[in-house]
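S.K.: Chain residues, written in single-letter form:
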Amino acid sequence: MIYSSEVQGMVCVAKGPNHGPAPIPQEGRWVQAKEIKDISGLTHGVGWCAPQQGACKLTLNVKEGIIQEALIETIGCSGMTHSAAMAAEILSGKTILEALNTDLVCDAINTAMREIFLQIAYGRTQTAFSEGGLPIGAGLEDLGKGLRSQIGTMYGTVAKGVRYLEMAEGYVTRMALDKNDEVIGYQFVHLGKMMEFIEKGVEPGEALKKATSQYGRFDEAVRTINPRHQ
Amino acid sequence: MALFESYERRINQITPVLKQYGIPSLEDARKLCEEKGVDVYSIVKGIQAICFENVCWAYILGGAIAIKKGQKKAVDIACSLGEGMQAFCIPGSVADDRKVGIGHGNLASMLLKEETQCFCFLAGHESFAAAEGAIGLAKSANKARKNPLRVILNGLGKDAAQIIARINGFTYVQTKFDYATSKLAIVKEIAYSEGDRGKVRCYGSDDVREGVAINHSEGVDVSITGNSTNPTRFQHPVAGTYKKECLEQGKKYFSVASGGGTGRTLHPDNMAAGPASYGMTDTMGRMHSDAQFAGSSSVPAHVEMMGFLGMGNNPMVGASVAVAVALEQAQAR
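The listed protein sequences derive, respectively, from chains Z and W. Take the numbering used here: the final residue in the first sequence is number 230, and no numbers are missing along the way. Take the numbering used here: the final residue in the second sequence is number 1333, and no numbers are missing along the way.
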């Protein structure tokens, strides 16, 4: 480090306050974070690309600055699913600072990384008040049974009204309508569960039946429709 | 596979409780309940289908504790369920710190007491699931009460209120608030089904003042807030304002702060700039609540994340009441 001669010649004015940064809540402790290794926690960042045709939800579990677990969920663009595949391999093991300047091969994922960095460096994690943070694997647990992303897909027009296609509970197979043709419930297949049944040797038809449930007042339907074809 | 999620982090707290009540194992706890003719596991799953395994087992433990104590009344059984749920909390977690398990048990017990006449879900109206608790409550609470408990949903948004009522078979109550005179008028009511579900009244408010007026008109005694959508615009301001006005009137009102972000650090404090603290809605909850939960009103994973169980806080209220009542009825047989 070189000081210029102008600075060298200056009178020294003493610095008074030196409290360090405000502590941030991390994994149940209040930490004065000064270096990347002081950062720990599990949280989410959401990103998007320039034309906003796709979005990414990134979940990182960071321990002492290092990404130990990465969950990447994308929606809206086919290309980004492949970017996510690469990013999931690239991210693990990097420090969060390193990850900022690593191309995650998709605008939306890069933006999600920026957003999650801000959240986590500023102490806004989901685990701020969870003693010891969450175990590695908590990111995966976020997906629930059958390990599929929570995706909502709905569609509506003035002429034909609303269509439920995909709900948290699963792939919507029938929509229930009352006597006024208003929606009063739906039937769905939990695809994660169905595939697990099939994996275990259950016949596909039987698996489909076992993984099918309904929500709302489905039994009171005056008629039901297939939301994709009717 | 482990019996339930995060087994290793929970079992060390559960074992001493089992021992305290002379129950050899969780499987034996299940047998105890089943011998009384109560399938606790299925009751809980029936309230919120996407709930985790751990919540079912927590209720099984609570049920077994109640049986061991020889409790016959749902009001008392509910408190034991809370004990079981508390045993499942991960040590040092927000849920553990706030004694969320005990709180849930006590809330259910309060809903079964005669002096509580009206229970309100102060909702963001963001999902159908807030209603899952209401259905559980409506179905079961009244079986153990002399006077029926009135259950209402009060949330921001009239369109959403109507759709939620329609899907779940509640009664949609359309109101009109006069801002000049502070008078609330009922425009019309549409009952989307008959029976217990149809007795749940679902309101949509345009703003905080209308929300407070709805609470007054129904005489809400106990409420629980959702926190995921609109918390600073609606739920917490309504609960806080109503609390103040009840204090002025000398009326008892028990407010429970719950829902997404409670116990976490997000919401209007999520600008990710400046020193961090508990988020704004968590703080607002502290200002008006008599009890504070953590996690989410509807999302199982977010409640679990707080060191508690995998079930939305609202459906959990329904589940607590349903299990307590089922056990009371079984004991009466």
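In short, the hints are calculated from the structure, not lab data. Note that the structure is a prediction, hence the values are computed from the model and not measured. Glycine included, C-beta positions come from ideal geometry on N, C-alpha and C. Where hints are given, some of them may not hold.
Listed below are the simulated BS3-like cross-link pairs for lysine-lysine, each with C-alpha atoms no more than 30 Å apart in a straight line [as the list claims (entries may be wrong)]:
#	chain 1	residue 1	chain 2	residue 2
1	Z	Lys-200	W	Lys-1031
2	W	Lys-1139	Z	Lys-179
3	W	Lys-1183	W	Lys-1143
4	W	Lys-1036	Z	Lys-179
5	Z	Lys-210	W	Lys-1072
6	W	Lys-1036	W	Lys-1143
7	W	Lys-1139	Z	Lys-63
8	W	Lys-1188	W	Lys-1176
Label pairs and their in silico Cβ distance ranges [stated by the list, open to error]:
#	chain 1	residue 1	chain 2	residue 2	range
9	Z	Pro-204	W	Gln-1020	31 to 41 Å
10	W	Arg-1333	Z	Arg-228	46 to 56 Å
11	W	Leu-1003	Z	Arg-114	36 to 46 Å
12	W	Leu-1003	Z	Arg-223	36 to 46 Å
13	W	Asn-1012	Z	Gly-137	38 to 48 Å
14	W	Leu-1003	Z	Leu-208	21 to 31 Å
15	Z	Leu-118	W	Lys-1068	24 to 34 Å
16	Z	Leu-208	W	Gln-1329	45 to 55 Å
One side only, chain Z facing chain W, incomplete, derived with CB under 8 Å [to be verified]:
#	residue
17	Leu-134
18	Tyr-155
19	Gly-156
20	Gln-187
21	Lys-200
22	Pro-204
S.K.: Hint by hint, note whether the structure agrees.
M.R.: Outcome of the hint check:
For a cut-off of 30 Å, the pair hint linking Lys-200(Z) to Lys-1031(W) stands: about 28 Å separates their Cα positions. Restraint check for Lys-1139(W) and Lys-179(Z): satisfied, since their Cα atoms lie roughly 25 Å apart, inside the 30 Å limit. Restraint check for Lys-1183(W) and Lys-1143(W): the C-alpha separation of about 35 Å exceeds 30 Å, so the hint is violated. As the CA atoms of Lys-1036(W) and Lys-179(Z) are separated by approximately 42 Å, the hinted pair breaks the 30 Å bound.
At most 30 Å may separate the alpha-carbon atoms for a hinted pair to count; Lys-210(Z) and Lys-1072(W) exceed this at roughly 37 Å. For the hint linking Lys-1036(W) to Lys-1143(W), the alpha-carbon distance of about 18 Å falls within 30 Å, and the restraint holds. Under the criterion of a C-alpha separation no larger than 30 Å, the hint pairing Lys-1139(W) with Lys-63(Z) is inconsistent with the structure, at around 46 Å. A C-alpha spacing of about 10 Å is found between Lys-1188(W) and Lys-1176(W), which places the hinted pair at or below 30 Å, so the restraint holds.
Under the hint 31 to 41 Å, the C-beta atoms of Pro-204(Z) and Gln-1020(W), about 48 Å apart, miss the expected range. Between Arg-1333(W) and Arg-228(Z) the C-beta distance comes to about 48 Å, which sits within the given range of 46 to 56 Å. Judged by the Cβ atoms, the range 36 to 46 Å given for Leu-1003(W) and Arg-114(Z) holds: they are separated by roughly 41 Å. Remark: the range hint 36 to 46 Å for Leu-1003(W) to Arg-223(Z) is upheld by a beta-carbon distance near 43 Å.
Between Asn-1012(W) and Gly-137(Z) the CB atoms are about 19 Å apart, so this pair departs from the stated range of 38 to 48 Å. In this structure the hint that Leu-1003(W) and Leu-208(Z) lie 21 to 31 Å apart at CB holds, the actual value being about 28 Å. Distance hint check for Leu-118(Z) and Lys-1068(W): the Cβ-Cβ separation is about 51 Å, which falls outside the suggested range of 24 to 34 Å. Taking the beta carbon of each, Leu-208(Z) and Gln-1329(W) are about 36 Å apart, not inside 45 to 55 Å as hinted.
Taking 8 Å as the C-beta cut-off, the interface hint given for Leu-134(Z) holds, the closest approach to chain W being about 7 Å. A distance limit of 8 Å between C-beta atoms decides the matter here; for Tyr-155(Z) the minimum to chain W is near 16 Å, and the interface restraint is violated. Look at Gly-156(Z): its Cβ only gets to about 12 Å from chain W, farther than 8 Å, so that hint breaks. A cut of 8 Å between beta carbons decides the hint on Gln-187(Z): the least distance to chain W is about 13 Å, and the hint is violated.
For the restraint placing Lys-200(Z) at the interface with chain W, the shortest Cβ-Cβ distance is roughly 13 Å, beyond the 8 Å limit, so the hint is violated. The criterion of a C-beta within 8 Å of any C-beta in chain W is not met by Pro-204(Z), whose closest approach is roughly 22 Å, and the hint is violated.
Violated hints for the displayed structure, listed by number in ascending order: 3, 4, 5, 7, 9, 13, 15, 16, 18, 19, 20, 21 and 22.
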